[in-house]
Structure formats: C-alpha cells, structure tokens
Amino acid sequence: MGPVAFSETFERIWTMAISREEVRHVARLARLELSEDELARFGGQLDAILEAVGKVGELDLSGVEPTAHPLDLVNVWSDDEPRGSLSVAEVLANAPDSEDTFFRVPPA
Amino acid sequence: MSWQPVIGLEIHIHLKTRTKMFCRCELAYGLDANTRTCPICLGHPGTLPVPNARAIEWTIKLGLALGCEIADRAIFHRKNYFYPDLPKGYQISQYDEPLCRHGRLLVPGPEVDAEVGIVRAHLEEDAAKNVHVGGAAGRIHGAGRTLVDFNRGGTPLVEIVTRPDLHSADEARRFLQLLRQTVVELGISDAEMEKGSLRFDVNVSVRPAGSDELRTRTELKNMNSFAFAARGIQREVDRQIGIYEAGGEVEQETLHFDPDHELAPPLRSKEEAQDYRYFPEPDLVPLAPPRQLVERLRKEIPEPPGARIRRFESQYGLRFYDAEVLNGSVALAELYERVVSAGVDAKAASNVLMNEFARTGVEPGAVDAVELAKVIEARARIPRDRFNEALAGSGDPGFDAERYLGDGLVVETSELEPLVERVLAANEKEVAAYRAGKRGLLGFFVGQVMRETGGNADARVVNELLRTKLDA
Amino acid sequence: MIDTLRLTAEEAAALLERRELSAAELHAAYLDAIRARDGELHAYLRTVDEPDADGVPVALKDLICTRGVETTAGSRILAGYVPPYDATVATRCRAARLSFLGKTNMDEFAMGSSTENSGFGPTRNPWDPDRVPGGSSGGSAAAVAAGLAPWALGSDTGGSIKQPAALCGVVGLRPTYGTVSRYGIVAFASSLDQIGPIAKTVRDCALLYRIIAGRDPCDTTTVDLPESVELPETEHLRGLRVGVPRELNEAEGIEPGVTEAVNRAVELARELGADVSECELPRSVEYGLSCYYLIAPAEASSNLARYDGVRYGLRSETNGDTRAMYERTRHDGFGDEPKRRIMLGAYALSAGYYEAFYGQAQKVRTLIRREHDALFERFDVLLSPTSPTVAFRLGERTENPLAMYLSDVLTIPSNLAGLPGLSIPCGLSEGLPVGLQLIGRQFAENALFRVGHALERALAFGYVPSRLRDGGAV
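These protein sequence lines are chains Z, L and Y, in that order.
Take the first sequence: its letter number 69 is residue 69 in my numbering, and every next letter is one higher.
My numbering runs 108 ahead of the 1-based position in the second sequence.
My numbering runs 580 ahead of the 1-based position in the third sequence.
Read the hints as simulated data drawn from the structure, not as lab findings.
For glycine and all other residues, C-beta sits at the position ideal for the given N, C-alpha and C.
Treat the hints with caution; some may be incorrect.
Unchecked claim - Label pairs and their calculated CB-CB ranges:
| no. | chain 1 | residue 1 | chain 2 | residue 2 | range |
| --- | --- | --- | --- | --- | --- |
| 1 | Z | Arg20 | Y | Asn980 | 17 to 23 Å |
| 2 | Y | Arg958 | L | Gln400 | 48 to 54 Å |
| 3 | L | Ser319 | Z | Ala48 | 50 to 56 Å |
| 4 | Z | Asp100 | Y | Arg586 | 53 to 59 Å |
| 5 | Z | Glu51 | Y | His816 | 45 to 51 Å |
| 6 | Y | Val662 | L | Gly138 | 28 to 34 Å |
| 7 | L | Ala466 | Z | Val74 | 48 to 54 Å |
| 8 | L | Gly295 | Z | Val74 | 25 to 31 Å |
The shape of chain Z in the complex, shown without the other chains (with noise of 0.2 Å):
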C-alpha cells in the first residue's frame, strides 16, 4: 500500500461514525451480552468518544518508532527453577462450580 493510499484508509477511520453492527460485532468478540437499549446508548457514546480520539489522527507519525513501554529493558526472564504450586484447596476456593478437582463449566 502506498503512501497515499494509506493515509486515505487512515482518514476513512478516524472520520467515520461506529455502526450499529460494529457495536454488536464488538460486543461479541468481548463476550458482553447487550441488550437493544444498551447497543444504542453504548453505540452513541462510543461514536463521541472515537470521534474524540480520532485526533490521533492529524499527525503525521511516518517513521516514528511506537511506544510499547516507557522503559528500555530486555530480556528479563527466571531460571528454570520450580517454585510451588498451590494445594487443590487453594486452586478451588474461589471455583464457582468445580467436579472432583477440575474446574466446570457448561458445554462448549
């Protein structure tokens, strides 16, 4: 994609309105159930708030390098040392439903 091109996409992005079906589209790779009501007033705040944020968009950043992190570091890692495990006890305290020591859930 060239330059042109690219920008053009960009702005597309920062410009245009959340659709409904984008909302229910988000709402779903978020596994948040939404009712119609909720779809609506969540779809109009979020149009404001991405129109907002779109102003990430009036600067041309070709060539500037992100920022994952505030800090430089690298390779920051443990040794292959085994530190413990928690009891079976432990692992299901909180478990809101569990079968022998497994954790369970409804069908998949």
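Chains L and Y: place on chain Z using the hints.
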C-alpha cells in the same frame, strides 16, 4: 493432466523444561487435575508472566538447528480469544517479531531431496485441557458439561511453520519424522504424539504439475500419527484432484479428524473469521538474544539428521532407505559408525543392524560397538541361533563377544559325517528331488543337520559335506 | 487521645518507637475513626479488625491482592474473590511491619476519576460530602484526608493517585513507571499502571515509597532504583530549574481559582530560590488524552478478558453453553465504564483498525516522551495544576464519559511518558483543595520530594478538612 500436491505444515512441540513458560509450576503429565497450578497459570487477577530462560534458549537452539536467523529483537504478543482452557482470555504468543525465521530443513528422499523452508519458529504458552463429558461418548457434540484442568496450561510450546514446499504425502511424513528426530536429539522435547507433546496441522492444495500457482487450500487437523497423516494427506490430495478434474472448485475449509475413528470421514467446518486482536504484551519486555548466547548454542547443535542421512549415503555407499533407517535414532547411527570404524564392512554392518539387531530390541546406546563388531565379523562362522543370542546380549553390561565365538562348534568332518548320512537317509524323497534339480533344498538339509547338532556345527563345513554327498 | 486527623505516619511511627502507644491502640484508633466517619464517606470497602503487624497501619486500594482478604477492584464481577496470594507491595508492607487497616473503595477496575464508578457505591469527599473525592483511588485519598488511615496505597494509570490526592487536599505520588511492582495489582492498563503512596505529607509519601519501591523478580517491567530514597529536609529551592509548561497551565477548562492557587505556589517556588521559567509541551497536552484513551482501553479490553466466570468471581447461570455463560456473566458483572472501555479497546485493536488507532497512539506516545525528554534537558521539575477543577458534585459528570475523561487531561501526558508526578495541596478555591502537580524526570522521585517538601512547608496548607477541624479527636 498431472497434478502436484502442495503441502505446508504447522507443528507444535512442547518443550520439556522443568517449569512452565511464564510461571514456575512444575511440568508433569498424568497427575490429578489442577495439582500443578498457581495464581499465574490460573490467570488470577494481578498476576504477571515471567519468561522461562531455558525455554527461550531451547527455542533459539531449535531455530539454529533449522537453519533459522535468530532475531536481534523478538517480542511477545497477546492473542486474544475466549475459551475455558485459556485462563487469561489471551494466549501469550509471538506474532510479527518471532525469535526465529527464514530457516530450512533438508529432507533427503529416495530420488529427490526436498529443501523445506521454515517460515518461523516461535515460542508461546500452551492452553489447558478441556474434557467434554456427559454427552454421547464424551464427544464435543452433545456434551453435558466441560471440565477444565490447568496442569498443561502454560507449558512452553514452540510453533514451527513451514513454507508449502512439500510435494507428496510421503515427503510430509519424512519431514515430520526428521523434525521430530531433530528436537529429540536436541534434548528439548519428548515430541510424543500420544502425550500431545507433538501436534501438527497440515495445509493441502494441488496444482497442475509445472505451474507455480497456489490454489485454495484445506487444513487438516487432529491427526494422531505420521502414518495416519500421510494417509490423510493422500486422501485429501486425491479428493482435490477429483474435484478439479470434474470441473469443480475446492472450498477453503478445515477437516477435523477424529483420532479414535481413523476411517470416519473428517468433520468439516467453514473457516470462522477470527479476530485475535494481537498487540505487544505490555507485561513483558522485548527479547534481544545476546550474540554470545547464540554462538554458544550454535556450537551445541549436533549434526542434523537429514545431513547425516546424506553423509551415510556418500561415506558408506548405502542406499537411501538404509541410510534413513540407520538414522532413525542418533544412537543407532552412532553405533553403526562405531561398528564400521571397528573394521566391519559397511554393507554388512548396515544389514545386521537393520535386521537381526533391530529385531532384538536392544537399545543401541547400551551396546559396546567393538564387541558387537566381533560378533558381526563372525556371523558366517557361528550358528544362526548363537549369532542371534549374541546380538540379543550385546546390550548387557560387560557383554563379551568371545563367549559366542569359535569354541564349542563341531567342525570335525568325522563327527559330522554320520549325522549327515542319517539326515539323508531319513529324507529320501527330498534327496531324489535335489538330485533331480531342486538345488534350493540344500538349505533344508543344512537346517536338519544343524538341528541334530543343536546348532553347534560349523555351517560352512556342513554345507560342504552335504554337497559332496548329494552331488556324488 | 489519638488525633488521627492530624497524626502523620512519621509521627505515628515515632510514637510506636518510643512506646508511647501500642500498635493495637493505634490500629484501634483508626478503626474508631472509621466507625465514626466512614458511614458518611464510604472510603472503605472492608476493614481488617485485628492488626497483623506491630507497625503503622496502612490502607490498601482494593485492587491490591491480599491473601485471605477479599479483593474486588471495585467490581461486582470480583465480589467474594479472596486471593490466594499477596501482591508484592502488600508483601513489602508486611515486611516493613505495616498492619493492614482495610481495603479502600475505587472506581471499578480503576476506570474513572470520581469513585462513582465503584460497583459498591461512591465515596464522598471529606471536605464536602456532596462532592466526589476524585478517582480512581478516591477511597484511599478520602481515608487519608479524613483521618481514617495515616497513609494509603493507591494506583495511578491516567491520574488516579494525583487527581484524588488533589481533590482531597492530601499528597500523592505516582512513581516512575517500573519502580514499583505491579505483581498482584488487578490490572487496568499494564503499560501505565503504577502503585504509589497517598499521605498527609511529602515525607510520609517518601517513607512509604521507600518501602514499596524496587525491582521485583515477579514483575519483569521493574527496575532497581538508581539511588536510594531520601527523606527531604531542605526548605529552599536554590539551584533548581522549574519549568511551567504553558499548555498544562492554560488548558481550556482550568478554573480561575485553581490557576490562582497554582500561580501563588509557582511564585513561592521563585521566592524559595528556584529559577522559574515558562516552557511548552504543545503536542503532549493536545494529543495526550486521545492517545491515552486508545492505549488504556486497548490494554484493558485484554486485561479484563479473564473475568469469565470460570475460575473465580461472579458466574451468571444460563441454560446455554459456555459462551452464553461468559456473555451473561460479563454483562451482569461489569459496570458501564468497563464495558465502554472494553468495547472501545477491542475496536481499536481489531483487524483493519490496529494501525490507525493503537499503532498510531503508540507513535504519539513516542512524541510525548520525546517532548518531555527535551524539556528535562532544561528543567528539573515542571509545575502545573493537577486537576483543572476542584472536587465536583456527585453525578455532575456521570452521564457524559468525555467530560469525566477531561478530569485527567493534565496528569495524562507525563503518565504516558512514564514519568513520576507528585501532587501536593497548594491552597483552596471555593473552600475546596487545589492540587499542584510536580513532574520530574525518570527516577527523579527524590527531586520531587525535595521540591514538594519545601513548597509544603512554605505553603503551610491545613490538610484537615475544614468541616472536620473541630471533631478530629476520637
């Protein structure tokens, strides 16, 4: 019109580190559910991952063994999706900056070698295990409930993706065997399909021979053995060719094989559009493998099994299939080389190791090659039974070839003559047939005489005697 | 009589040291104060009735996991969750023999600027119970201001320590990203979350920061402090270069009373010997908020995916499959603000939008870092208001998420840059506290303590809320 299969593989291998990828729970198979779990691998609120240094080293090592470039900078990403076996709602994986990329694995073949491109090898955490119960036969469909065991969750997992460089089911099988052997010989994985420590998916498409187009591919999942995979691939290749030849189009779909019902037709599912919302894992910092570490690991890489097969062909004048069998394990290959360097003829050594020795089930790594070489050298002089006995004992501690050689064999013609007479007299019909031209019966007479001696006769002497008497 | 309204943690420690007071008596005094005043304020979600250590008590924001003590992050989805482990900061507090007074109220998952988003009811401002204490660490700030804890830990993602400290008239430190472990902190936005102290004085903040700071092997994003924490002593600011970024001091929406109080503090800094001059942070302030409201929700959408009713917390029963259970549980368990941010974040990360939203925001973050780095070549500390306004009325901004988001417009830029910030009270406007924000370079907490301490002395702010001044002792 002839067709060329185009096959790519995606392989997942558990690393056999002591602890999990991002927590220090011990790895263990076959324990009670959830007995090797902690707040981190259960995805409790507030927990953070800490990478396992050994898993990173081993992934680099595997990358080097696969001829990959090791990235100067690699990062972990989050792959977001919901499933009960995924405690955080995302899997920590690698995305566009994996540890290893652009490698290749040489897969020697009987006619042509395949050089299979490795797109990438990256490190991630495995999901936990769901058990679907309560429905018909415990199958997913109709299951009444799902039980979740997080013991496996967080096991270090290397994902290897190949280019679609494989062009037959057999080549794919051979690639998988070589790859499995490579990781086993590196000592980084058991790579056992039964334990789930090696899993793979296959992409299959076909194209007119000679073309370089890439047509719609299907994905084959859940195959439980290399042989099964080869059959599944062949079946899928044939199916696709059938479709094209009938003027149809192959549809992109995933075929799930039921490992328990190999012959059942695979379950089909349309590709569901996934949106994993990958983004850099903010709880982890980048990896920048130090050059000294990479160079140290490079020195630890043993000769790759594919290269070893090639070398056996050229150095020992072996046929491809023999070289392949002898390289089925590094221990067998090493034993072979030591036996040959102890003076045994290369062909003879390969015959014995692949046949009589292989049948004994003796662990090649336990064998003293010098003693075994003596046994193989004497194979023509000693009775079959005794030879096999010697091979069977060759892995025992303190095995001494001398016990099985030379002494105790009946070699005196005077002692053997009466036995030969007796055998010929008892088998008049066979003697007549032999004299009428059925020369193949000689072996039968030899066998009879050997049985009379309890296997303690020198076969060459018996042969000679019999021939003298029969041809007289 | 222990006057918890006035007693600082440092003084309390001295009383314990001299055995003029037992830890049990001290703990009990705070519990008495809580009984007397927290019915109205609701700073605490739960208290710990028996001290489990012999030091000064501390209150913990309810997103700090405490082994055996319910931890909810202000969310109904975590109601009843009892962590099987301690957060590293909790472990460090225990090691320093601080006893836990209780868990303080907060906006659900730290998402909010008023503590009205708590799933368990709002906290009220000790200066005026009709007003919010700020947020999300509103419970911790209100507890310290109302003498319900000598000090407390809060967390700050976009301003959640600094802003409530400002609105409640107490001192709050948001440390340099990476100096305090996040292990055991219920995550909101991982690349921004930091734990920090809220106290009555700068010295108390420094003392508590000294206890909690330092590299933690359980959090790979932490580092050791390059220099040890020094308790500030000096009362002058000679040799100090102070920058006053125009955009942070003249932003739209800053109340005149706030500007007035901050200007007085800046003038005071000059009188104390600092070399004060104006400077600029043009893009950080203009683009900070939009950058933040892409990055934080994106990370949050992923961090909050684990609340699925499988292993802990709420599960809503359905007759359907796992997916139906997930969707119902998350619908019932999350309040509106987490739902909004989860959807916003999922949208910003979804296929086709990543580069335009999340990717672009990460680049803006680079610009913001650079802009701050450049300023810190010329200045040691930057000054501005912490919040554009004093404490606002309950309900005033709940219907308009964007208006609520603007509460953090002045704290967000330096947070995105990973820099430390201190908020100290610098006066009153309409009878309510005004916070002064001090921003330092990475790891320059000692400089912030020094400046904050000197200004604190010179300002002589009365941190006891005026309406409580007569009834302090219990």
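Problem - CB-CB spacing for Gln400 of chain L and Arg958 of chain Y relative to the 48 to 54 Å hint - result: Taking Cβ atoms as reference, Arg958 of chain Y and Gln400 of chain L lie about 40 Å apart, which means the hint is violated.
Problem - Distance restraint hint 50 to 56 Å, applied to the beta-carbon atoms of Ser319 of chain L and Ala48 of chain Z - result: holds (53 Å)
Exercise for the section: Could you see if the CB distance from Val662 of chain Y to Gly138 of chain L stays within 28 to 34 Å? Expected result: holds (30 Å)
Exercise for the section: Please test the hint of 53 to 59 Å on the beta carbon pair from Asp100 of chain Z and Arg586 of chain Y. Expected result: holds (57 Å)
Problem - Range hint 48 to 54 Å (beta carbons of Ala466 of chain L and Val74 of chain Z) holds or violated - result: About 49 Å separates the Cβ atoms of Ala466 of chain L and Val74 of chain Z, which means 48 to 54 Å holds.
Practice task
Could you see if the CB distance from Glu51 of chain Z to His816 of chain Y stays within 45 to 51 Å?
Solution key: At 48 Å between Cβs, range holds.
Problem - CB-CB spacing for Asn980 of chain Y and Arg20 of chain Z relative to the 17 to 23 Å hint - result: holds (21 Å)
Exercise for the section: Could you check the hint for me, namely that Gly295 of chain L and Val74 of chain Z are 25 to 31 Å apart, CB to CB? Expected result: holds (27 Å)
Checked against the numbered hints above, the structure violates only hint 2.
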